[in-house]
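2 protein chains.
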Amino acid sequence: MTDRMTRDDLDNLEQRYRANLINSLSGFKSAVLLGTTDGKTNNLAVISSVVHIGANPPLLGMIMRPHTVQRDSLDNIKQQGFYTLNHVNTQWADKAHQTSARYEQDESEFDAVGLTPFFSDTFSAPYVKESEVNIGLKVAQHFSLLNNTEMVIGEIQEVFFAKDALDKDGYLDIEALNTASISGLDSYHSSKRLARYAYAKPNVPLETK
Amino acid sequence: MTDRMTRDDLDNLEQRYRANLINSLSGFKSAVLLGTTDGKTNNLAVISSVVHIGANPPLLGMIMRPHTVQRDSLDNIKQQGFYTLNHVNTQWADKAHQTSARYEQDESEFDAVGLTPFFSDTFSAPYVKESEVNIGLKVAQHFSLLNNTEMVIGEIQEVFFAKDALDKDGYLDIEALNTASISGLDSYHSSKRLARYAYAKPNVPLETK
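Quick mapping for you: the protein sequence lines, in order, are chains A and B. Counting with full-length UniProt numbering, you get residues 1 to 209 for the letters of the first sequence. Counting with full-length UniProt numbering, you get residues 1 to 209 for the letters of the second sequence.
No wet-lab data here; the hints were simulated from the structure. One should not assume that every hint holds.
Any copy, or any two copies together, can satisfy a pair, since identical chains are not distinguished.
Claimed, not checked - EDC-like mimics (lysine to aspartate or glutamate), calculated; alpha carbons at most 20 Å apart, straight line:
1. K192 x D173
2. K201 x D169
3. K192 x E175
4. K201 x D106
5. K129 x E158
6. K163 x E130
7. K138 x E155
8. K163 x E132
9. K40 x D75
10. K168 x E14
11. K163 x D72
12. K201 x D94
13. K168 x D11
14. K138 x D75
15. K163 x D9
16. K192 x E207
17. K168 x E207
18. K209 x E130
Bear in mind that the values here come from a model prediction, so they are computed numbers and not experimental data.
Please put together the full structure from these sequences, using the hints given.
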């Protein structure tokens, strides 16, 4: 049974209730930790707004809210120009969520939640050692959207993952690596593969890989 | 064991291999069918680039590639200003993937893959009857990004879902509604909830909901 909610219905909801509902509508989202630094304090923030922009050059986008707990991360990105994205693991999703608490600016979320920063020799922003997939990015484009959120697009500089999780066609099996997903604002999920499908052609039965 | 790939390594990969890999890096993605019309033919395209922009006003974004099979959808959106987003269900993910085949412009993917269009009395774009969550949107902002992809942001006009899947705080249980997720370009997944976590506070143990 399907019910309808009009725009008026949505506008009349209590603010927190509406935030939960609208955040559920976009479907399952990537669970990622954003690693930044101001040169002294290493900052970590869970985000669920990462979106693929392109493969060549390799670009990832994300939506940031400047007037929230994400402000320190955004300031660091503006100051340094570099940041990392690290997959949240199903085994420690609670630690990822805990980074959303409002810590002081000079307090590191790494220490507060019990995750370990590591630095590669060529990159200034902190990675999360416990993540199975680490991505180092340099800001490529940064602008405001109509509701005063900000979109940051980064160009991938380097990536870390276990190569034995790579399929022969380049697909990285992030399910085998226990990457988590998010729905709504606070629900974390593991996954179970239904299938990989071959390139689809008109009037030809779809094959699985 | 974690291996590193530098930007040079990524740039030297074969094109399709790189597309599979980079598309895997963004983590789990929303599996959604984009419904549009030119007034005659109802168009359906699977997309995995939906991103939450804001709850008040309710805004969803998506990244579109104008020089691919998505061109017809994009033309319809430009012409009409309205479109729908419909959650892909784990029970018919194959039909969703089949919409990515290169059908003729005057051929409806609804007919081709066996899904059913429905129209609400106040909205011009087609919804997918088999989806458990249907969202009607009006274009609010549309612009090009640095790699010539296009970002379309839509304002939600109406939503359809079963209200018994709503939690008391507004969270919509899209796992109970069998919403699928995507990793890479062609892998479809069901989900299993790990936990919902309460609002996180510094130095207070995280509680589950």
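Results of checking the hints against the structure:
With identical chains, the CA atoms of K192 and D173 are at most 20 Å apart both within one copy (11 Å) and between copies (17 Å). In this homomeric assembly, K201 and D169 come within 20 Å of each other (Cα to Cα) only inside a single copy, at 19 Å, whereas the closest approach across copies is 43 Å. In the homo-oligomer, the alpha carbons of K192 and E175 lie at most 20 Å apart both inside one protomer (7 Å) and across protomers (12 Å), since each shortest distance falls under that limit. Taking CA atoms no more than 20 Å apart as the test, K201 paired with D106 passes between copies only; the shortest distance there is 16 Å, against 55 Å inside one copy.
For a Cα distance limit of 20 Å, the shortest separation of K129 from E158 inside one copy, 15 Å, qualifies, whereas the shortest one across copies, 43 Å, does not. Within a single copy, K163 and E130 get their C-alpha atoms as close as 16 Å, which meets the 20 Å cut-off; across copies the closest is 38 Å, which misses it. Taking the shortest alpha-carbon separations for K138 and E155, only the intra-copy value of 5 Å comes in at or below 20 Å, while the best inter-copy value is 30 Å. Taking the shortest Cα distances, K163 and E132 sit within 20 Å of each other inside one copy (11 Å), while across copies they are farther apart (37 Å).
For a Cα distance limit of 20 Å, the shortest separation of K40 from D75 inside one copy, 13 Å, qualifies, whereas the shortest one across copies, 49 Å, does not. In the homo-oligomer, the alpha carbons of K168 and E14 lie at most 20 Å apart only across protomers (12 Å), although the nearest pairing inside one protomer, at 49 Å, exceeds that limit. In the homo-oligomer, the alpha carbons of K163 and D72 never lie at most 20 Å apart, since the shortest distance is 33 Å inside one protomer and 37 Å across protomers. Taking CA atoms no more than 20 Å apart as the test, K201 paired with D94 passes between copies only; the shortest distance there is 12 Å, against 42 Å inside one copy.
Taking the shortest Cα distances, K168 and D11 sit within 20 Å of each other only across copies (17 Å), while inside one copy they are farther apart (48 Å). Taking the closest pair of Cα atoms, K138 and D75 come within 20 Å of each other only inside a single copy of the chain (14 Å); across copies the shortest separation is 32 Å, beyond that limit. Proximity of K163 to D9 under the C-alpha cut-off of 20 Å is restricted to the inter-copy arrangement: shortest distance 13 Å between copies versus 49 Å within a copy. In this assembly of identical chains, K192 and E207 lie within 20 Å of each other by CA distance solely inside one copy; the values are 19 Å within and 26 Å between copies.
In this assembly of identical chains, the alpha carbons of K168 and E207 lie at most 20 Å apart only when taken from the same copy (17 Å versus 41 Å across copies). Taking identical chains as interchangeable, the C-alpha atoms of K209 and E130 are never at most 20 Å apart, the minima being 30 Å within one chain and 25 Å between chains.
Checked against the numbered hints listed earlier, the structure breaks hints 11 and 18; every other hint is satisfied.
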